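J.: What follows is each chain in one-letter form.
Protein chains: 6
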Amino acid sequence: MTSSEAGRHLARFQQERARLNDLVLKYAGRGIKRLYSIDAQVYEGGALPAKTKELLGLVASTVLRCGDCIKYHLINCREQGVTTQELDEALAIAMVVGGSITIPHIRRAFAAWDELSENH
Amino acid sequence: MTSSEAGRHLARFQQERARLNDLVLKYAGRGIKRLYSIDAQVYEGGALPAKTKELLGLVASTVLRCGDCIKYHLINCREQGVTTQELDEALAIAMVVGGSITIPHIRRAFAAWDELSENH
Amino acid sequence: MTSSEAGRHLARFQQERARLNDLVLKYAGRGIKRLYSIDAQVYEGGALPAKTKELLGLVASTVLRCGDCIKYHLINCREQGVTTQELDEALAIAMVVGGSITIPHIRRAFAAWDELSENH
Amino acid sequence: MTSSEAGRHLARFQQERARLNDLVLKYAGRGIKRLYSIDAQVYEGGALPAKTKELLGLVASTVLRCGDCIKYHLINCREQGVTTQELDEALAIAMVVGGSITIPHIRRAFAAWDELSENH
Amino acid sequence: MTSSEAGRHLARFQQERARLNDLVLKYAGRGIKRLYSIDAQVYEGGALPAKTKELLGLVASTVLRCGDCIKYHLINCREQGVTTQELDEALAIAMVVGGSITIPHIRRAFAAWDELSENH
Amino acid sequence: MTSSEAGRHLARFQQERARLNDLVLKYAGRGIKRLYSIDAQVYEGGALPAKTKELLGLVASTVLRCGDCIKYHLINCREQGVTTQELDEALAIAMVVGGSITIPHIRRAFAAWDELSENH
Numbered sequence: 578m579t580s581s582e583a584g585r586h587l588a589r590f591q592q593e594r595a596r597l598n599d600l601v602l603k604y605a606g607r608g609i610k611r612l613y614s615i616d617a618q619v620y621e622g623g624a625l626p627a628k629t630k631e632l633l634g635l636v637a638s639t640v641l642r643c644g645d646c647i648k649y650h651l652i653n654c655r656e657q658g659v660t661t662q663e664l665d666e667a668l669a670i671a672m673v674v675g676g677s678i679t680i681p682h683i684r685r686a687f688a689a690w691d692e693l694s695e696n697h
Numbered sequence: 578m579t580s581s582e583a584g585r586h587l588a589r590f591q592q593e594r595a596r597l598n599d600l601v602l603k604y605a606g607r608g609i610k611r612l613y614s615i616d617a618q619v620y621e622g623g624a625l626p627a628k629t630k631e632l633l634g635l636v637a638s639t640v641l642r643c644g645d646c647i648k649y650h651l652i653n654c655r656e657q658g659v660t661t662q663e664l665d666e667a668l669a670i671a672m673v674v675g676g677s678i679t680i681p682h683i684r685r686a687f688a689a690w691d692e693l694s695e696n697h
Numbered sequence: 578m579t580s581s582e583a584g585r586h587l588a589r590f591q592q593e594r595a596r597l598n599d600l601v602l603k604y605a606g607r608g609i610k611r612l613y614s615i616d617a618q619v620y621e622g623g624a625l626p627a628k629t630k631e632l633l634g635l636v637a638s639t640v641l642r643c644g645d646c647i648k649y650h651l652i653n654c655r656e657q658g659v660t661t662q663e664l665d666e667a668l669a670i671a672m673v674v675g676g677s678i679t680i681p682h683i684r685r686a687f688a689a690w691d692e693l694s695e696n697h
Numbered sequence: 578m579t580s581s582e583a584g585r586h587l588a589r590f591q592q593e594r595a596r597l598n599d600l601v602l603k604y605a606g607r608g609i610k611r612l613y614s615i616d617a618q619v620y621e622g623g624a625l626p627a628k629t630k631e632l633l634g635l636v637a638s639t640v641l642r643c644g645d646c647i648k649y650h651l652i653n654c655r656e657q658g659v660t661t662q663e664l665d666e667a668l669a670i671a672m673v674v675g676g677s678i679t680i681p682h683i684r685r686a687f688a689a690w691d692e693l694s695e696n697h
Numbered sequence: 578m579t580s581s582e583a584g585r586h587l588a589r590f591q592q593e594r595a596r597l598n599d600l601v602l603k604y605a606g607r608g609i610k611r612l613y614s615i616d617a618q619v620y621e622g623g624a625l626p627a628k629t630k631e632l633l634g635l636v637a638s639t640v641l642r643c644g645d646c647i648k649y650h651l652i653n654c655r656e657q658g659v660t661t662q663e664l665d666e667a668l669a670i671a672m673v674v675g676g677s678i679t680i681p682h683i684r685r686a687f688a689a690w691d692e693l694s695e696n697h
Numbered sequence: 578m579t580s581s582e583a584g585r586h587l588a589r590f591q592q593e594r595a596r597l598n599d600l601v602l603k604y605a606g607r608g609i610k611r612l613y614s615i616d617a618q619v620y621e622g623g624a625l626p627a628k629t630k631e632l633l634g635l636v637a638s639t640v641l642r643c644g645d646c647i648k649y650h651l652i653n654c655r656e657q658g659v660t661t662q663e664l665d666e667a668l669a670i671a672m673v674v675g676g677s678i679t680i681p682h683i684r685r686a687f688a689a690w691d692e693l694s695e696n697h
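Residue numbers (this note's numbering), protein chains in the order written: chain A, 578 to 697; chain B, 578 to 697; chain C, 578 to 697; chain D, 578 to 697; chain E, 578 to 697; chain F, 578 to 697.
Rather than coming from a laboratory, the hints here were simulated on the basis of the structure. A quick note: this is a predicted structure, and the numbers were derived from the prediction, not measured.
Calculated cross-link-like contacts (lysine to aspartate or glutamate; reagent style DMTMM-like; alpha-carbon spacing at most 20 angstroms):
(1) D:LYS603 <-> E:ASP691
(2) C:LYS603 <-> D:GLU692
(3) F:LYS628 <-> E:GLU663
(4) E:LYS610 <-> C:GLU663
(5) A:LYS603 <-> A:GLU593
Based on the sequences and whatever the hints tell you, model everything.
T.: Okay, structure coming up:
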């Protein structure tokens with residue numbers, strides 16, 4: 578991947594995600610729609626701030642090794658003001674808990690973070 | 578992805594799957610070949626109809642988040658006459674059991690279903 | 578385990594499950610309660626009959642290797658009139674998809690089924 | 578389980594955990610010992626406070642469904658001053674990400690929290 | 578657990594495993610029986626010796642965190658002459674790949690090994 | 578994929594892996610760096626030869642279905658002199674333990690092995 582390709586990676590990810598979510602809405606019934614609604618609600622700030630919740634979502638996604646979920650929470654972490662050192666400490670916990678099998682996802686997480694950092 | 582690219586997606590998936598299965602046959606010994614044989618047998622209609630068994634395979638593949646397995650069972654579900662509403666209800670169970678971590682696969686499942694529906 | 582102990586196993590499981598659900602209700606907020614509600618809804622009969630949905634829940638629980646979830650769906654399968662042959666075919670799919678790592682759970686599933694059968 | 582049995586549950590868990598860790602130290606070589614050391618280090622307060630790190634460990638353990646790991650982090654969460662509402666919000670994220678398959682562990686997590694609360 | 582209880586642990590495990598396998602044979606059809614047959618075959622010595630294959634089964638069982646599977650392969654490892662140092666190196670790989678979430682199973686693996694060593 | 582594309586697949590994998598590891602080193606703190614160090618150490622020859630350890634890593638990666646990890650260990654297996662028959666027997670164990678859900682990764686493993694074999 579050249580660096581200009583890398584630079585467009587997260588933008589393409591978000592476009593494709595939006596296209597596919599439209600297809601889910603075209604077909605999905607009440608059960609899936611209610612789950613989508615809860616999935617948005619639980620990350621809203623409450624007793625725990627939204628920033629902490631995004632880190633919880635990021636670590637959960639990393640130990641379960643879901644690339645799309647990791648990218649989604651990384652974008653939100655950036656928006657919530659997570660610093661690089663906070664990100665590193667959260668991903669270190671994910672890597673300790675989840676093992677070396679998470680390394681390919683952690684590599685791509687730092688690459689996405691690098692892209693997000695360049696854009697800010 | 579443009580819509581014409583999307584339209585060729587499942588056809589390419591099946592070609593690549595066949596190419597790779599030939600490579601497995603080139604190298605695999607008795608253990609793997611016996612497992613391939615059982616993997617075909619358990620989805621044949623019996624006390625449970627083949628259609629129900631494909632839905633079982635689809636939901637198992639979705640909660641275990643195996644993209645290729647999902648596509649394979651979706652194609653078979655279509656051939657067995659599964660309706661869109663039946664598919665939605667099965668995937669809602671998969672999403673409840675497996676959580677939001679299955680959403681990226683459920684998005685792609687509906688996209689594949691959309692492609693299969695256009696071709697029929 | 579003697580057979581009289583085995584005979585009381587599922588009854589104890591259901592009592593303990595009820596005791597713990599009371600504790601969840603004591604502490605849980607809106608997010609968890611909404612998920613409990615959806616978890617009940619998606620197994621209701623619709624385009625797919627409730628019996629098929631319980632088999633989907635059983636197979637999903639087996640490949641994800643959740644002992645409590647397997648017992649819960651087995652009890653419901655029995656109530657929905659699933660036959661032993663249908664159960665065997667569903668668990669064979671779970672075992673093919675999920676591998677030998679599911680065998681300890683499949684052993685206990687048949688033991689629970691045996692107990693349920695004696696009680697009927 | 579009677580309530581007096583429940584009251585002794587976490588104390589027994591910690592005794593058994595200590596007994597088994599002694600056995601690990603009796604047999605384990607350099608690799609496992611280094612991993613034990615890192616496993617302690619990554620939860621120390623840094624850019625993220627220790628309390629947040631325990632919640633990250635708790636959510637990671639819940640979506641991966643490790644009962645012993647959940648109990649361990651719950652005890653640490655209590656020591657770090659996590660409130661019941663914070664716990665509920667963290668477990669709601671774990672349950673959304675990990676699905677209904679996490680419910681048996683979330684039930685036992687609230688039961689352990691109930692025991693910890695009684696002891697304080 | 579007292580040490581005399583611990584000393585009977587693996588013997589009880591094998592009795593219960595045999596009792597449950599009888600129940601599987603009582604109910605299971607052709608699919609599950611064929612899988613049981615392959616499950617025995619793949620661990621037979623071939624190009625790789627049986628000892629190496631038991632270590633492969635042990636590490637696979639550990640990263641997938643199946644307690645019964647781990648005990649089963651530990652007993653076979655002992656019979657195949659695996660040494661304590663070899664076991665430690667194999668479990669270190671499992672722990673690195675699978676992460677700290679495997680630690681509770683690795684603790685119990687060393688406890689079972691300790692029991693097996695006392696009996697020899 | 579044409580055969581010339583396939584022929585360049587592993588080379589591209591290694592280049593991308595190196596590029597991303599540089600990004601990890603750019604951002605990662607002490608925790609992640611220590612884990613990288615242990616991840617290298619545990620595969621060094623000891624009581625078990627390095628070849629056996631690479632097979633352990635390969636089988637662990639296959640049952641956990643990590644494509645990048647599988648490719649990495651396949652390359653190392655080739656360098657350690659693993660034969661095609663040994664590879665087949667190890668992957669048969671992985672497929673029995675992990676189930677048909679591992680088949681897509683086993684297909685790609687044999688495809689990568691085919692490419693490695695052509696290059697030797």
